[in-house]
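Based on the hints, put chain B in the right spot on chain A.
So the sequences go chain by chain: A and B. The opening position of the first sequence corresponds to residue 1 in my numbering, with each subsequent residue numbered one higher. The opening position of the second sequence corresponds to residue 249 in my numbering, with each subsequent residue numbered one higher.
Certain hints may be false.
Stated by the list, open to error - Reference listing, derived: stretches of chain A covered by chain B, where coverage requires no fewer than 3 residues with Cβ under 8 Å from a Cβ of chain B:
| id | region |
| --- | --- |
| 1 | 58-67 |
| 2 | 75-87 |
Stated by the list, open to error - Here are the simulated lysine to any residue pairs, SDA-like style, with alpha carbons at most 20 Å apart:
| id | chain 1 | residue 1 | chain 2 | residue 2 |
| --- | --- | --- | --- | --- |
| 3 | A | K80 | B | A310 |
| 4 | B | K313 | A | F75 |
| 5 | B | K312 | A | T56 |
| 6 | B | K313 | A | R128 |
| 7 | A | K80 | B | P280 |
| 8 | A | K80 | B | L307 |
| 9 | A | K80 | B | L276 |
| 10 | B | K395 | B | V345 |
No wet-lab data here; the hints were simulated from the structure. Even glycine gets a Cβ: it sits at the ideal position worked out from N, Cα and C.
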Amino acid sequence: MTKPTISNQSVQPPEVMISAISRLLRDGEWVATGTLSPLPAAAALLAKMTHAPHLTTLIYGDPDFRLSEGFHELFALAQKGKIDVFFLSGVQIDKQGNINLSMLGDYNRPTVRLPGGAGSSMLSALVRRVIIFTTSHNQRLFVPKVDFINATATDDAPWRRGGLSHVVTPLCTMAFDGTKKEIVLESVFPGVSLAEVVRNTGFDLGIGERRIPIMNPLTDEELAMLRGPVQERMRRIYPQFAALVWGL
Amino acid sequence: MHSDLMKVRRDLKTVRDPYSGNEYVVVLPIMPDVAIIHAAKGSRSGEITTDATRNDRLLAMAAKKTIAVVEEIVEPEAVLPGRQEVFVASVHIDAVVLAPVGAHPTACPGIYETDAAHIREYVAASKDEQGFRAYLEKYIFGPEDHKRYLEVVNFRGGKQS
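Same shape as in the complex, but just chain A:
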């Protein structure tokens, strides 16, 4: 690994998240990203260009990713057990790793009605690892108990292959503790205080006596790839995101 340089001062929050997600991906994995997932898409591309050259990236919306008929093939691949990693998000996430994508309040009289869970329930059970990414970090998002469960982190369904692996937010990374079956804090991003993370999370992060590490800054290699070939690919896959983050 090359040492980070002064250029890290200009690193933007989404770039830190992209790097954090990228580092969670392992060489050789089949990684799929769904709709509205620019951060995981960029992370998968970055991982492939850095530490995981044998990653297979299946990015929804990527003009270079050809399917035979349509995105339903991705569900067939998941059923066959070919997808290692998939990314989900939610409007509520609780300590047990449940996610809510459906509505807020009472199901029959919701205060907010959302698009719904789509394939989250099925995919979270059939892929080996789920990584949750969020674009905010506050107590309305990280709640003690979700109003509606679209996907569980783990359960005893006989067909389940894996479950929640990590949660990456704009402030930190969290890991799913498979023994306790709870989300615990793993690392905070450079420049973020532990107190800020705790204050903005609506459940106990299982810190206890642990010393929570600060995530290593982006390496020169990561930054070069991110600001070079990853940007170029993202410009075609997620043009609005590329414009927002990099002004492309």
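Quick look at chain B alone, frame taken from chain A:
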């Protein structure tokens, strides 16, 4: 449900459809360990075009591993299905093997036809053990490679290379 198949096929079961309440016969899906399919065109990235009538895409999607034997390797942009062809994405293909006229003595539609004379010869040869062994020696074990095989079978036509 009332055919004799139900008497001889122990893997066929009946189940009550929870929506209509009707009884249906169900069968487990077939998931081959390996599927080998023949395709007209393929690319190094693993996508192929194949004959639409043969359900090879379904086979590729069902199998745990799929090997595509192709007539020619082209650039990914040129892997476009023609009439009577379908495109199979690389996510369903594990390996691509370049073997022009690899379907011989059967046909690769649009490129070469079935070698009926050769199949008749095979049928005749397979009538007894000695004839079958002679066939294997002449056509399968004898030729050192596929190119030589095509010379031995006197292959003409198609895009021979």
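Against the structure, the hints come out as follows:
1. 58-67: holds (count 3)
2. 75-87: This one holds; 4 residues, not fewer than the three required, reach chain B with a Cβ under 8 Å.
3. K80(A) <-> A310(B): 8 Å, holds
4. K313(B) <-> F75(A): It holds: about 17 Å lies between the C-alpha atoms, which stays within 20 Å.
5. K312(B) <-> T56(A): 17 Å, holds
6. K313(B) <-> R128(A): 19 Å, holds
7. K80(A) <-> P280(B): With a Cα-Cα distance of about 12 Å, the restraint between K80(A) and P280(B) holds, given a limit of 20 Å.
8. K80(A) <-> L307(B): Holds: K80(A) and L307(B) sit about 13 Å apart, inside 20 Å.
9. K80(A) <-> L276(B): Given that 20 Å is the threshold and the Cα spacing comes to 14 Å, the pair holds.
10. K395(B) <-> V345(B): Measuring from Cα to Cα gives roughly 14 Å; hence the hint holds.
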